[in-house]
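Sequence order for the protein chains is F and E.
The C-terminal position of the first sequence is numbered 210 in the working numbering, with every residue numbered one higher than the one before it.
The C-terminal position of the second sequence is numbered 311 in the working numbering, with every residue numbered one higher than the one before it.
Everything labelled a hint here was simulated from the structure, so no lab data went into it.
Hints should not be assumed to be uniformly reliable.
[Said to hold, decoys possible] Okay, derived cross-link-like pairs now, EDC-like style, lysine to aspartate or glutamate, Cα gap no bigger than 16 Å in a straight line: (1) E:K221 to F:D141; (2) F:K187 to E:D256; (3) F:K91 to E:D199.
Here is how the chains run, residue by residue.
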Amino acid sequence: MIDRRHIGHTLPPFQAEAEKGRLRFFAKATGQTDPIYIDEAAARDAGHPGLPVPPTFLFCLEMEAPNPAAIRELLGMDYRSLLHGEQGFSYHAMAYAGDMLTFCQRIDDIYDKKNGALEFVVRKTRVSNQQGELVAELRCVTVVRNP
Amino acid sequence: MTTATFPDWNALQPGDALPPLELPPIRRLDLALYCGASGDHNPIHVDIDFAKSAGMPDVFAHGMLSAAWLARLLTHWVPQSAIRSLDLRFAAITHVGERIRCTGTVAEKFEHEGRRSVRLKLMTANHEGIAKLSAEALVAWP
Numbered sequence: 064m065i066d067r068r069h070i071g072h073t074l075p076p077f078q079a080e081a082e083k084g085r086l087r088f089f090a091k092a093t094g095q096t097d098p099i100y101i102d103e104a105a106a107r108d109a110g111h112p113g114l115p116v117p118p119t120f121l122f123c124l125e126m127e128a129p130n131p132a133a134i135r136e137l138l139g140m141d142y143r144s145l146l147h148g149e150q151g152f153s154y155h156a157m158a159y160a161g162d163m164l165t166f167c168q169r170i171d172d173i174y175d176k177k178n179g180a181l182e183f184v185v186r187k188t189r190v191s192n193q194q195g196e197l198v199a200e201l202r203c204v205t206v207v208r209n210p
Numbered sequence: 170m171t172t173a174t175f176p177d178w179n180a181l182q183p184g185d186a187l188p189p190l191e192l193p194p195i196r197r198l199d200l201a202l203y204c205g206a207s208g209d210h211n212p213i214h215v216d217i218d219f220a221k222s223a224g225m226p227d228v229f230a231h232g233m234l235s236a237a238w239l240a241r242l243l244t245h246w247v248p249q250s251a252i253r254s255l256d257l258r259f260a261a262i263t264h265v266g267e268r269i270r271c272t273g274t275v276a277e278k279f280e281h282e283g284r285r286s287v288r289l290k291l292m293t294a295n296h297e298g299i300a301k302l303s304a305e306a307l308v309a310w311p
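For reference, chain E alone in the conformation it holds in the complex (with noise of 0.2 Å):
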């Protein structure tokens, strides 16, 4: 992976795709490194009989793991300081096992203040198309 420069504003269209990022099937070891990584020590995530406890099935995904897989979407895109804002609402859990892909399309192209910038919807959804993360950020070219 190489880092990403700024696509030719000029030439994007509301509708336009960015290139998806597709997950591996979530192991049980990626909730735990990013228990540990994260600093989110919630048991929910990583501790089976917690999980039990609380009426849930299994233990599952951060859902900030999720955020942080839309945030590699999006600095793949554009440079991060290009990112004004991500807002991200957690729409159903992302269960151990699923595959996760993310996507992102240009819904907006505007310039504000002078500054040329896109608003971009983006999702996760599992491999059956079942969302489970919406997302709206802001870039603004330099």
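Looking at chain F on its own, in the form it has when it is part of the complex (with noise of 0.2 Å):
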């Protein structure tokens, strides 16, 4: 069982640039076909600074953390047993390419589920913009499968 302990433990926060090569690359395996995510001056002219980052990319610039796997390390958790149960994301303002995101994470909540059988991890992440402003939210819920 993971050690109920650690609700409420917060990582060191981190920055995460948003590149445009990788916004790119990201609108290229999603299928992306909208030139706003693709072309800076179709983006210019639909009104935004630069290629927006896209809805759910914030997930993925969140595994820019020095040790991605710190929090599994901390609760003793292993990757074969895992499961991305959940995910959400409140948002506030938009981000773009070439913004420096500071991504501030939290262990909001463990628990289980069927005796044990199912654990659940609750993270909360806070994502703000070079200029402090609060851009996101984001809510992940790891589910552990025990034997």
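From these two lone chains plus the hints, build me the complex, please.
What follows is the structure in structure tokens.
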């Protein structure tokens, strides 16, 4: 069983840049053909300062943490038994290519179901931009399948 | 594909459907591309040896790849700045070879603090109609 004492644990904040080339690669990988996500001129014509960071890409940038396995290691979770159960995004401001985003992660909850056969870890992340403006709040629920 | 403009809020009704998004059958290459582009290097999505060691018959799609497709469905319908929230629930594994269809309907139309808003129910399902990912989004007009 995962130690419940870790509820409330915060990880050191880290920064990740929304790189233009990476955003284009993400557009390709997700089949995105809307030109505002690929072509800077099209983005500007649509009133954006640059290529927008698409809605789910903030989760990708969250993986740029210095140690993306930090929470798994802290809680002693094995990759093989993990499933992504839920993912939530609340948006406050758009983010764009070139933005340097700061991620603050917190273990918000740990609980179990089915007499411990399934354990749940809820992580909440606040994302802000280089102006200190809140961009989004993320909620990730990881499911641990215990044998 | 062109950039979305706001649909006429007054004309919307609960039950109205968003234009669906049909994806071609998922290739292993799609998972490799998403692995690189997303930075999600969990080998269970690209390394069949690892997947088998975890008791899975094969690699399977990242849940967040389906999430990105649902986000495409949304940004085809309204400009991205209108999306206030997107909450996703991964219900079943999406397998290589499946043809995924993304759909959405207007669940509720309301004004919140003077903002014209719509709550949407979204989902992805395979060609047999089996639900993979269900989601809810809140969209607000400027």
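Tested hints:
For the given pair, K221 of chain E sits about 15 Å from D141 of chain F by alpha-carbon distance, which is consistent with the 16 Å threshold. Under the criterion of a C-alpha separation no larger than 16 Å, the hint pairing K187 of chain F with D256 of chain E is consistent with the structure, at around 13 Å. Distance restraint check for K91 of chain F and D199 of chain E: the Cα-Cα separation of roughly 10 Å lies within the 16 Å cut-off, and the hinted pair is therefore satisfied.
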